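Trainee: Using the numbering used here, you'd call the opening residue of the sequence shown number 661 and step up by one each time.
It is worth saying that the hints were derived from the structure and are not from the lab. From a predicted model like this one, the values you see are computed outputs, not experimental measurements. This list has only true hints and no planted wrong ones.
Label-pair distances were calculated between CB atoms; the ranges are:
#	residue 1	residue 2	range
1	740	939	24 to 34 Å
2	841	939	41 to 51 Å
3	828	965	44 to 54 Å
4	939	893	24 to 34 Å
Idealized CB from N, CA, C, for every residue including glycine.
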Amino acid sequence: MMVATRAFDAGASGRFPAATHPPARTSATRELVPLDGRHRAGLLRSALDPDVSDATARGGLSASDWVENVVLAALRGRRAGRRFDFAVLAGDAFVGFTGLHFYEQRAELGELAYWIEADSRGHGHATAAGRGVARFAFDVLGVRVLQARIRRGNDASRRVLEKLGFQWDTQSKRYLLVREELARPPASEGDTVLVIRRSQRDAFQAGLDRRFVRAVTARLMEELPQTFAEADATELEDLALSALGRARAYGLTADPDMSAFVELALLISPRFDEHPFIAAALRDPKVAVGERMAALLARLSAEIWDDASQLR
Numbered sequence: 661m662m663v664a665t666r667a668f669d670a671g672a673s674g675r676f677p678a679a680t681h682p683p684a685r686t687s688a689t690r691e692l693v694p695l696d697g698r699h700r701a702g703l704l705r706s707a708l709d710p711d712v713s714d715a716t717a718r719g720g721l722s723a724s725d726w727v728e729n730v731v732l733a734a735l736r737g738r739r740a741g742r743r744f745d746f747a748v749l750a751g752d753a754f755v756g757f758t759g760l761h762f763y764e765q766r767a768e769l770g771e772l773a774y775w776i777e778a779d780s781r782g783h784g785h786a787t788a789a790g791r792g793v794a795r796f797a798f799d800v801l802g803v804r805v806l807q808a809r810i811r812r813g814n815d816a817s818r819r820v821l822e823k824l825g826f827q828w829d830t831q832s833k834r835y836l837l838v839r840e841e842l843a844r845p846p847a848s849e850g851d852t853v854l855v856i857r858r859s860q861r862d863a864f865q866a867g868l869d870r871r872f873v874r875a876v877t878a879r880l881m882e883e884l885p886q887t888f889a890e891a892d893a894t895e896l897e898d899l900a901l902s903a904l905g906r907a908r909a910y911g912l913t914a915d916p917d918m919s920a921f922v923e924l925a926l927l928i929s930p931r932f933d934e935h936p937f938i939a940a941a942l943r944d945p946k947v948a949v950g951e952r953m954a955a956l957l958a959r960l961s962a963e964i965w966d967d968a969s970q971l972r
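Please construct the entire structure, taking both the sequences and the accompanying hints into account.
Mentor: Printed below as a string of C-alpha cells:
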C-alpha cells in the first residue's frame with residue numbers, strides 16, 4: 661500500500677508531513693478515500709442491492725435514512741478518533757466500503773469492517789482494501805490487534821480474512837490479526853493508495869490527536885489510580901488535547917516527547933510550561949529540539965515541580 665497526500669503518512673501522534681505527489685494511477689490502482697457525503701450515491705446503490713444489504717446492517721431503516729446515518733457516523737467518528745471509514749474506489753467507481761472501528765476504551769484494539777458491491781466481487785477489492793486499512797491501523801494508529809467478525813457460513817469473507825493473515829480465536833470467538841502476521845500482498849494485487857483530501861486533513865488530525873491523548877490518559881489512570889480517582893475522563897482528555905497543542909508549539913514532534921509533555925501537564929499543572937525555568941528549557945537554542953524534553957526531565961527538581969504546580 662502506498663500513502664499519498666492528497667494523503668498523509670503519520671506516526672501514532674498523527675502529524676502530517678510536507679505534501680507529496682500521489683503515485684501515478686494505473687488500472688490496477690485502488691483508492692481508499694475517507695467516506696463522506698460525496699459517496700451517497702454509491703452507498704444508496706449498495707443499500708438497495710439485496711446481495712449487499714445483509715452486509716450493510718441496515719436493520720429497519722429506509723435506504724436513504726441508512727445512507728445519512730452512515731455518512732454522519734463516519735464524519736463524527738473520524739473527528740472523535742472512534743472510527744475511520746473509507747470508500748473503496750476502483751478507477752473512479754465506488755465498489756465498496758471498509759472501516760476501522762473502536763468500540764472499547766482500549767486504543768490498541770480495533771475492528772475491521774468491510775463489504776463490496778455484488779457486481780464488483782471476485783476482483784480482490786476486499787482483500788486489498790482490508791490490507792490497506794490494516795496497515796493504516798498498525799503503522800499510523802499504533803493498533804496492536806485487529807479483530808473481525810463475520811456471519812456464520814460467510815465463506816467469502818472468511819477467505820478474505822485468511823488471506824490477510826487473520827486467525828480464528830476460540831476464546832473471543834473472533835478473527836484476530838497482529839502486525840507480524842499481516843500477509844504480504846501478491847504482485848497481482850496492484851497498488852492500494854490511501855488518499856486524504858486537503859479539506860479532510862483537519863478532521864483526520866482531530867481524530868488522530870484524540871486517539872493519542874486518549875491512550876496517554878488511559879495509561880495514567882491505570883498506573884496512578886489514586887491520583888486520578890475522581891478525574892472525569894472527558895475533562896482529562898480535553899486538558900490533554902490542550903497540552904498536546906502547546907507541545908507542538910514548542911516544536912516537539914516525537915511521540916515520547918509529546919507524551920511526556922502531556923503527562924506533566926496532567927500531573928503537575930495544565931500551565932506547568934509557563935514556569936520560567938521550564939519555558940526556557942523548552943526553547944533553549946543550544947539544545948536540539950528533539951533533545952529538549954529529555955534535558956528538561958533530567959533537570960526537573962522537586963522545587964521546580966512544586967513551583968510549577970501552583971500555576972493554575
